[in-house]
Amino acid sequence: MNVIIDGKQITARDGATILEAARENGIYVPTLCYLAKLSWLKSCRMCIVDIEGIEKPMPACATPMTEGMTVFTRTERVENMRRDALKFLLIQHPLDCPVCDAGGECELQNLTYQYGIDRQDYSSERVERPDVPYGTPLIKQWMDRCVMCLRCIQSCIEIPGCHVLDVVDRGFESHVGAVNPDACISCGECLNVCPVGALTENLNPVKGRLWQIERVQTSCTFCGCGCQLDLNVLHGKRVIKVTSRDGVGVNDGSLCVKGRFGYDYIHHPDRLVHPLIREGKKLREATWEEALSLVSKRLKSLKEKFGGESLAAIAPARGTNEEIYLLQKWMRLVLGSNNVDSGARLGSAPTLVGLSESLGYGAMTNGLDGVVGADVIMVVGTDPDEDNLIFAHKIRRAIQRSAARVILVDPRRTSVEKYANIWLRPFPGSDVAWINGLIKLLIEENLVDEPFIKERTQGFAELKKSVSPYTPESVEGLTGIPAEELRKAARLLGKARNAVIAYGAGITQHLRGTDGVKALANLTLVTGNVGKERGGLYPLCSQSNCQGAFDMGALPNYLSGYQRIDDAEVRERFGNAWGGELPMKPGLSLGEMFDGIQLGKIKGLIVVGENPLITLPNKKRLEAAFERLELLVVIDTFLTETAQRAHVVLPGATFAEKDGTFTSMERRVQRVRGAIPPLGGKAEWEIICAIASQMGYPMEYRHPSEVFSEMASLTPLFRGIDYGNLEAGGLQWPCPELGHPGTQILYRDGFSDGGGRLFPIEYQEPEEKPGGDFPMWLSVGGILYNYEIGTKEKRALGLAKWYPETALEIHPEDGAPLGISDGDRVRLTSPRGHIEIKARISDRTIKGMVYLAPSFYDIEVNEILSPDLDPLAGIPEYKACVVRVERI
Amino acid sequence: MADIVFSSWQGRIIDNRGKSQGEFEEVPGLNLPRDYDGERWIKAFMGWDGLAMRGADVNIVDMCRAYIEAVQKESCGKCIPCRVGTRVILTILKRITDGRGTRTDLDTMESIGRMIRDSSKCQVGQTGTVALSHCLQYFKDEFLAIIKSKKKVSPGTYKAKTVAPCSNACPSHLDVPTYVEYVKEQKFDESLGVIRNMTCLPGTLGRVCVRPCESNCRRANLDESISIKYLKRFVADWELERRHVPPLEIPEGKREDAVAIVGAGPAGLSCAYYLAKMGYRVTVFERFETPGGMAAWGIPDYRLPRDVLNREVEIIQGMGVEIRYNTEVGKDITLKEIAQEYKAIFIGVGAQTNTPMRVEGEDAGYKGFIPGVRYLLEINQGKDPYPEGKKVVVVGGGNVAIDCVRSSFRIGKSDVNLVYRRSRKEMPADDVEIRDAEEEQVKFHFLCNPVKVVAKDGKVVGVECIRMELGEPDESGRRRPIPVPGSEFFIDCDIVIPAIGQGIDLSFLEGMTEIETTKWQTLVINEESFETSAPGIFSAGDCVTGPDVLVRAAGNGKRAADKIDKYLRGEPVLPPDEDRLEDLMATIEVYEEDEDVGMAGGQERKHLDMLDPEERRHTFDEVEMGFPIPVAREEAERCLRCYRIGLVALGPKG
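So the protein sequences, as listed, match chains A and B. The opening residue of the first sequence carries number 19 in our numbering; numbering runs sequentially from there. The opening residue of the second sequence carries number 27 in our numbering; numbering runs sequentially from there.
No wet-lab data here; the hints were simulated from the structure. Backbone N, C-alpha and C define an ideal beta-carbon position, used for all residues, glycine too. Heads up, a few of these hints could be off.
To be verified - Not everything, but these chain A residues come out facing chain B in the computed CB check (under 8 Å):
no., residue
1, T84
2, V234
3, I417
4, N439
To be verified - Using 30 Å as the maximum straight-line C-alpha spacing, the simulated DSBU-like pairs for lysine-lysine come out as follows:
no., chain 1, residue 1, chain 2, residue 2
5, B, K174, B, K120
6, B, K177, B, K213
7, B, K213, A, K55
8, B, K416, B, K482
9, B, K255, A, K55
10, A, K60, A, K26
11, B, K469, B, K255
12, A, K105, B, K482
13, A, K158, B, K99
14, B, K174, A, K105
15, B, K99, B, K592
16, A, K506, B, K255
With the rest of the complex left out, here is chain B:
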């Protein structure tokens, strides 16, 4: 950034005061947008790591006052230094900005500030006086000027936001530190309540989430990240196993408008739940006889037992959501018909088809050639898609491919292979899943790719592959695989399962030309409003993003619900300050990979007990056992509670 007058961000002091704009030294590692909401500029930023200011038109003393006020407001009251200390500082700052400060106030603030940073329980206090301390050091003259003048300072305009690295990284923005803390404090139902504020699928996400939170966990800088996913699962299981019924928060004022949702997958269910919570009448149209969409029939039972998902759907139905099963939109009812009956529609159909491999023989209709998504669907319906077949080759490196190989043993296939064109390191599937598959004795064939599906009498008998080597990185940053000429080889098999990607079946849109789509067969939406090009029709999930993770579909389903509410109330569909600030903090980056935490660590992350590989590979029983209570509480105890407070000073453009 080259328009910053002063920065102490991450401890690097860049002081451009007194220089002309052209001579400004750049601030490395700080990405502070200039624009806040199209109307106002961000004049200065104060945060957990220091401050940065653009212009001299911000009163730094008043900004400190506002920042400490935000810290005091966020302080949870559960440790003395932060609870009382920041209040003492705030009292002093208010006195100064009121024109009644004294010189000794500055020393007092510095000394208490240090005490709060060093002895507070969590990051609210540990980071809460960092910026103040920088200001006392580098802007002392401003403080002294106000003290000397004995004049009141008129307050500026600020926006404050509390974030945590984990929750900022979560596409659903779950309030991780709070729900983890509740596990530690043994408030399991309350913990689940916090999770449900942001997602209605705690038991599902607690099992299958790809957990961006854990790769943004500050504890990893000390020893290992917290098992956030398993803790989420733990509280969901606690409720389920103990027959607890969550409080159904149905609002007092019912809303008359009816909303239709297409698809009972993660996006649709989330949208439905939060709309119902706001009091809307919600109807979900689902083509299958059971709910869950890809979460149900794309994920095998050994990873996500059906009763867990069903219970979560029961709770959604308990909120008054009606699900019409066996009702395929486009076939049993058209989108047009729905549009006539409902004030708003949400489309969350997901990505339900396979993308082609573009190899010889895949369109020939051979017996034993089964697309991955269909293979999983049939297995999840309790069927063996092709009982004659025993030797399986799955092509692909993602989670669907792994689910296909692991499920194959479980329906009695004897020889299970996975063919992937890059090496293990590049596999997009969750590392834990790959390890589990290895333990279950799946044969991995890395750096090779099919070129031809070979059949005899219309039945698959094998697949011809070619070896690959890795070349230059492609646009995804992974090295591009290049075939090695003449390295063809043959794998003997009777089932070939392509699982290289999912596509979206948009045939249900028939006749709705006003809905714009892309060349990748996804729906086009306005990113701020989630609205498609057709008014009143909204969409989110894989059918918008292309195949993506469950937690994003669920998170966007919830966000779409907020927009639909605004739309139905006739309000402008603008992002709320909360979302704007959350994104702003993400831009600034809440998690710093290289940070030295400076604490005593050495406490290992807890792992789940698992069924023995030999035992589990033949059954659909859940592989992972879930945390016992004492282990869950110990794991939660490791959380550093990295809440940080960011505050921006806003000013008019110009």
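In isolation and in its complexed conformation, chain A is listed as follows:
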């Protein structure tokens, strides 16, 4: 398209607006409301331009270019209009720039300066605007500073889908108000998009002027989305705020409440800054020298006395790749033990096991942005708005941009329900049955991708046979999903050109979690949604480096990059590089370690950044196990319940205090950048190096980048990645050689060994079924504000003050006969124990199932959960256990 802007001949791309064409060709047009990621607001009128042959000036942001259009962006009349518009904005705007958070980066300030406005010709009576509460106490609203650009309102609707804000009143009195505060999820999107200081962070009492602050871009430490955020550091010492930038990272400026407001734990007074050594019942402060030397000596003697296999280590699912890699290297090389595992097992082991077998890699097939462009999105057993907000944003974007339709499969009414075209509510633990039922329907109605199945999969005949008993009617009996609904879902999914199937802990955290994962892999394969640009299978992780913990070899049977420990060639290669010998026999997984402790086989345990006493089921059993340990070493940032039982506690560093990398759930390796020095003096990688060196295996790395390079040189998946080429925004593995762009889409050129494997999966009833003394299901999940174990969050004021306690959700029809009303305290009893908790009557859960978010201070739900493990993946059954509820 040939157009002329300000006399300059330009070739504009088809469909470009005047503003886009101008900007893409280096022509500046002023804007105040325009934001590329939002729909057109057209409120500020700063971008109006004159067009030849058109009487009225038009907004450049919302006027598509047409062939031959001649545009003038600087005519006297539009410049005057802009100047007038700015003067209008300044009528009531307070001149408090010196104390405004936005001072120095305020778009109104910039435009006022640019247009040289030094005099006010206009006036109006002052309007006293009401001082009403905002949607969240974490943000302060300054109505007089507002320019009514409407970005906050529209972003709240389009990005988190909340619609908390709207224009209140009309005319000059109109202002932005939180008309629907209950819907606010405190994600701070409004704060992020505000071009001026009308919204400011209301959490940290310490503020800094722009020039006193350094902004350090890093990867978020909370869920697996891998958001990029900027830690705002005052004088190089204190993190005082988190900000984010549009266009940066998978999150494009968006964050959730955890990422944006969950940072204040970093400087919490409870932070461990000195090593602690047990003396009788007490832990006393000690020097690093004393503590490190004690740990080295004790470990050495245990190894000598009982052998390496008497020692075990638990790696953090939120640690850096470098520290996880070093931990497993140290365990294998120095302590001679393969008993190394991580907290990642608790959420994602079935994905690792199931998808490795079905597809090849235990990971997400595509990237998060691949969701936008899908026409059907199936969300199974996960509430992305609670656990992975940025992924939920991608779903919303797909609905808005590519007209995606949504199938929700969850017994509980999650926030996705309000967009879902179809909502299936299966009984807990019945997933394999409905998945098989869907596959059967797809085959019957000819909605499978036959060429794909033929060319790229194996085992279809067996699969077809195995699903044949799963008629919609029999599935209805097993799962409670009406046959007609299942048919509708099959048709919608089957007719999709590009379907995304996303799942979370609702699938994995079961006794047969691996079966559920494989069944979903079957579904993805028969519909041909693997290896293409849009669509794919999306396991979601709620820990920031869940993927990395697996990738780095914090697994009893694999070294980094899924290289088998029982493979002699692999052991030799690693042994040569590391300078020693590695044990051959696969070690114990997380759950098995505690069996090992109870049997007296495990004498020493090292726990880094995990709190198994709270995260593993059946607390009584765990406490007994800890009693038997001869040595428990905990490295953590706070004195967790586990740390309180340790013999030696070493202070760890938060993500803000160290360099390294995380691997997000879309397989993207991204930098973690230290913003301040470790408060305790050492980062985890330094601690591990120090102990190893004291035990006679000198580990001398100057920086985590050297650790990464060593890992990459030994690991084909990562060979092409180093710190240098991560600067451009991270790389998705596999990245086999330097210069490789990374792999956004797995299996694009086929599967590694001949085809995707279709496994016949038989449905097996859950071990526990409601009845008798325990007539109801209990399901546990995460909620947005308190995330998993609470080590950090219960000390993050921003989160805790906003959502201080959990409650047991109970369906009204279950609550009534038990005489339970909203807010009553109830006793929740399982075959293993009981807890007491407040009840919340809610139809978000189904009749017959109570639901609980587990991660709060005083509610230790693991008292009552089943300790049984998935035989393949070693994951406990969190999502289904039987209980009885009584009013106290």
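Please arrange chain B on chain A, whose structure you already have, making use of the hints.
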């Protein structure tokens, strides 16, 4: 208009100041009534296109103040020039009328006024200072006199009204720009809420409305009108597909009075919904086993799927409305009996019978001769009205005729013909529907008319027709068809369906002689109160107007509900200012077909995806697919938001 002293309406300056009444130049194109409410006169009018004044007894400066105050009050706050600029002007005008103005104020107002007109986002700002600008130009002396005198001006009496061409043209006065804007802003539930303020049948009207709004859409002056109907359907579908339940606004103070409604068609349902919303106990008597009246059994499923209508009725029932099905008034219960039990009655029986063609053989009771409305009714009940018949001739050119031909394929008829006495251009049916029928291979026979239904052994075997030609226009403005002598021809068929018009069956009125009717078998009502000649009995819809469009029946059903409320409260049943002003603006004409919008256009209207004609003509599946979300939002983005503000200055008669 010849009594206007000054007018700048539509940019034409007519200045009769200083002339005697007899010398007044006429104001073309302005239709400004003199009478406002029987008691007051309209002394002057200020609007989106300028101003007009009748007498010098209006203070023009104060009127400008009142007008800008109305603009500022209407300003939505969503763009800077209008939100702040009109406020700055208002501050100045208040200062002047307060006796504190200065000469420079006039220049400031002129310059800001221009800025607001040229840079505002929508027509509130774009037209909001037009009249002021005319006043500053032609009444400058009045401004200067006040500024010089430093005296306060005493405020006059004004009535302001915000209108939009689309919503003013809508018989139900739906607030189109707002609900379209909400689609753009992705507030779909809110959009539906705005629609429901005026109609309880969004999904139905979103499919079958004849959309007067779209023929009064200013966007058409730029490129093409907005797909308003489809956007309405879009938000209705959004709610239905996502299982959302609309908030049921049942008022706090329940009203004890009970109201009976005869007929669960569009008029009756609307009346019931809004009465229930006001807290009344409402009972609807419906002769069939399902609700909807003509909307249900006059419109085939491929245009209006049954679950859409049923859901809308469910919502009405959710408001507490009781519908007694299979209860025919006049048969199962008499109107008299109802009158004894209920404080007020609304009659919305519609037009349920066919008008005769007046041709030979139509009264002979031949098998295969089926009136159009009955044909559709039976098809909509899932039956084939005459399974032996395969070749169909439908007579008529309206929507019922089109529904009959298109349904015929769908029940398996092999040969489907439509006979219409004028040409395609004059067909009253919706053009889109005619196109769809053509795509589905209906055979059209234009300019011919049946003269005889031919039968053998009591069964239809064909119809004899005569060619027509078009003569002079008749009172409807369409050219009158005249038979061409000797041009008779024969169409071979076994089903003949007359669909030339609908009539009203008033047999249920038996014994209620106090209810006055017309010779066309319609009910007589007082147009302001919707009351029939029998006190407490109200009526609206096709049984009053004769066969008309759904949106009018629904709109009048709602309006009747307002009157019934007034009646039951014992208040005088006068039209509220809102209605009076809406009608006044309609008289002045809100939409100007020839207006040059002066903007950059070139954005085409979005169309719905449709089922393929070959596939769809054999099934009752809905033909039109509905907008996907991104398309709906793009379409809504095209709306120019043509809110206009009209203001009248009122004064006592004399």
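A quick look at each hint next to the structure:
1. T84: Nearest chain B Cβ about 5 Å off; hint holds.
2. V234: violated, 35 Å
3. I417: holds, 6 Å
4. N439: holds, 6 Å
5. K174(B) <-> K120(B): holds, 15 Å
6. K177(B) <-> K213(B): violated, 49 Å
7. K213(B) <-> K55(A): holds, 18 Å
8. K416(B) <-> K482(B): holds, 16 Å
9. K255(B) <-> K55(A): holds, 29 Å
10. K60(A) <-> K26(A): holds, 25 Å
11. K469(B) <-> K255(B): Holds. K469(B) to K255(B) sits at ~28 Å (cutoff 30 Å).
12. K105(A) <-> K482(B): Given that 30 Å is the threshold and the Cα spacing comes to 87 Å, the pair is violated.
13. K158(A) <-> K99(B): holds, 28 Å
14. K174(B) <-> K105(A): The given pair, whose Cα atoms are some 29 Å apart, holds under the 30 Å limit.
15. K99(B) <-> K592(B): Holds, at about 29 Å.
16. K506(A) <-> K255(B): Holds: K506(A) and K255(B) sit about 28 Å apart, inside 30 Å.
Violation of the numbered hints given earlier is confined to hints 2, 6 and 12; the remaining hints are satisfied by the structure.
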